[in-house]
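Undergrad: Chain by chain, the residues run as shown.
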Amino acid sequence: MGSVCQLLLLIMLTGVLPLSVIADEPIFPRARGERCVEPVGIMRRAHFEFLNHHGQQTVERGIRTGRHSLAGCIGCHAARDQNADWIPVSAPGQFCESCHSYAAVRIDCFSCHRAVPEADRVMGN
Amino acid sequence: MAAGDTSTLPRREFLGRASALAGLVVSFAPGMRLIDLAAAKPDGEAASAEVRWGMLVDATRCVSGCDACVKACATEHGLEMTDRPEIDAQWIRKVDLIDENTGREISLPVMCQHCEDAPCVAVCPTGASFRREDGIVLVNKHTCIGCRYCMMACPYKARSFIHINLVGQRTHSPRGKGTVESCTFCVHRVDRDREPACVEACTAAGHQALLFGDLSDNEGELAHRLSEVQTQQLRSDLGTNPGVHYHGL
Amino acid sequence: MNDTDYHVAPAQGFWVFVLILVTIVIAALWAAHQMDTAGHAITGMNNQVVWGLPHVFAVFLILCASGALNPASLSTVFGRTRYAPIARLSGVFAICLLVGGLVVLVLDLGRPDRLQVAITTYNFRSIFAWNVLGYTGFIVIVGVYLACFMDNAPRGAVKAAGYVAFAWRVLLTSGTGAIFGFLVAREGYDAAILVPLFVAISFALGTAFFLIGLVLSFRWSGQVPDSEVLKKLGRLLAIFVLVVLYLVAVQTLTSLYSGRQRGVVEFLLFSGGVYPVLFWLGQVGLGSILPLMLLYSRRSRGCASILTASVLVLVGGLCQLYVLIIGGQVYPLRIFPGYRASSSFFDGVVTYYVPSLWEVLLGVGGVAMAVLLCLVAMRILPLLPRALPLKPGTLVRDP
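Each protein sequence line maps, in turn, to chains E, V and U.
Per my numbering, the very first residue in the first sequence carries number 768; after that it's consecutive.
Per my numbering, the very first residue in the second sequence carries number 747; after that it's consecutive.
Per my numbering, the very first residue in the third sequence carries number 847; after that it's consecutive.
Hints in this document: simulated from the structure, not taken from any laboratory.
Check the hints yourself; a few may be wrong.
To be verified - Output of the computed footprint for chain V on chain U, the stretches with three or more beta carbons under 8 Å from beta carbons of chain V:
#1 948-957
#2 1102-1112
Claimed, not checked - Chain U stretches covered by chain V per the calculated footprint, using a threshold of three residues with CB under 8 Å from any CB of chain V:
#3 854-862
#4 894-902
Note that beta-carbon positions come from the ideal geometry of N, C-alpha and C, so glycine has one too.
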């Protein structure tokens, strides 16, 4: 291949790749409420630690802080559909699922945990 | 009431009226807490071994055909009855008994007995079935692999396995396919100073056959009642030392 | 051992056998997948009968596995050198059978995706947890034992590995029996005798499976196994069957006598419908009396009768495990002695269990997996000893 072709190839690859990354970034409905209980950066890295570790503490020792509860997340982050029904956060394009499918990490929570708010636990509206 | 105080009611009459009042209060205040204040656990604090939760089932007050406790438990935890009772999760069930010799009939509820030396805790290979410090026996569904060995081991057949995909769980009662579960003494309520749903419902139905409380609290109502009436534990010969006691068997 | 030549199994028929077995295994995996996605509701198992046909097959394969190690142990631990040439086959069969059994067990879990939790998190008060460690340890130890054979390790090493493997195998099988024997909850279990009973069953089933495997694999490679070896193993099989029969008789008579466990024994032996049929016809008749007649009869001592006896013992073993595991669960728990109980949770009544197609596929698939692994192992590794002398009755040369 000539050097022109190689240059074209280089431009395509460096040009296309960033675009593909931007195109794939997870999109999900905006949360209600002012801010999350933790900064975004911390939440992205450590949310599993909060949920898992604190969940084990709650189950095994009965320590209920509420700050890092799964139901708390869902209370702010769940969205409604056109009929004003709650959409499960594990549904495609919703809060939990969109990042998890982007990162290709399976979520095990919602085979057991409720994925929509219950009437007395909604934040905002 | 001092015995020599002539301006007050005689002790016997006072006690009689006080008990009647207490009985009225208990009958008409279903949400009233029967758990001692001293045993209340603040959020953020771990369950303590100073408490041992237990229950007294008064079979003489339990009515055959009434299933208020069963229905309340099902509502509280989102248990659904399907057309296949053999695979339905039943955390509490009403059992009708007939004495083989005398023909006497009894009705009573059976649920997880929250044993001190629980066979289900001993046999669980991963330790998912465990006993909390305050005596409540639970399944940690994060760790349960669904082997059902605890179901084989329970002498009271208290455990259920979830055979189907579940949706619409209650927030405070996560449960899912492939894991094992049983009565939790409504641990989410107990941790917030309320009593189990079955006890509340039985009181609301006017029977008051269920009494929940702290077995370790000698001043508490449960320990007091247990010291007054004849009670027994189911299959006490097995040495499991259940937290549930039965009167009238 | 050093003087015996070993070769791999021949190519003829290998791919046909593999194709058939792989099909069965795929069907089993598909059945497991159905159970995993739809839940156990599609099976015959329920809250009363929590362990069904897959567990019967799994326990069957696990017991066969520990018993299949017998010929190797006979040569190393008990000094019977005539079994030395077939010790490799013995070790490989043991590992393959155990893997087959474990696959069935794991696939029947409610959360098979949590296998990693099962093998890393242990509650050491649980006999089940000890069994999990025992199974994985068995594979490693027998693997080391085999490696000692096949790499011509020094005799001391072989002996050490052989002793450890034998002790491990007895402990493991005792643990499998204790899984049931330690349960106070159910009348059909709660018995210390289940521990030695399971060890005895493993001796019988393992020897039977090994005999079948030995004859078939030799025939596959165009050879005839030494008739002395066959005869001796057949005699051993007969003794093991007698021991099992004896322990079953002791357990049954004790339970019938004492009254505490009379109800369940009367149910399983007389009034329980399919269970007495399986017990008397399957376990006692086909699985014990008929094989004993075949093995001890003066007329027939040839390969055919030993083979038939082995197959019958395996059938009888399956029946026995079915009666034990499932029969013990359908019988109601005695929570209220002295009362007749009834409830929505099947208290006081005998419950029903009918295995579903998925469970049959899963169970049979485990057997197919074990046999498949044996075939592949025989094709890859030199396990089959060279053709033995044509004169029957000649002893194998002392290594």
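Undergrad: Now, for every hint given, state plainly whether the structure supports it.
TA: Hints versus structure:
no.: 1; hint: 948-957; verdict: holds (count 3)
no.: 2; hint: 1102-1112; verdict: violated (count 0)
no.: 3; hint: 854-862; verdict: violated (count 0)
no.: 4; hint: 894-902; verdict: holds (count 3)
The structure fails hints 2 and 3 (numbered hints given earlier, in ascending order).
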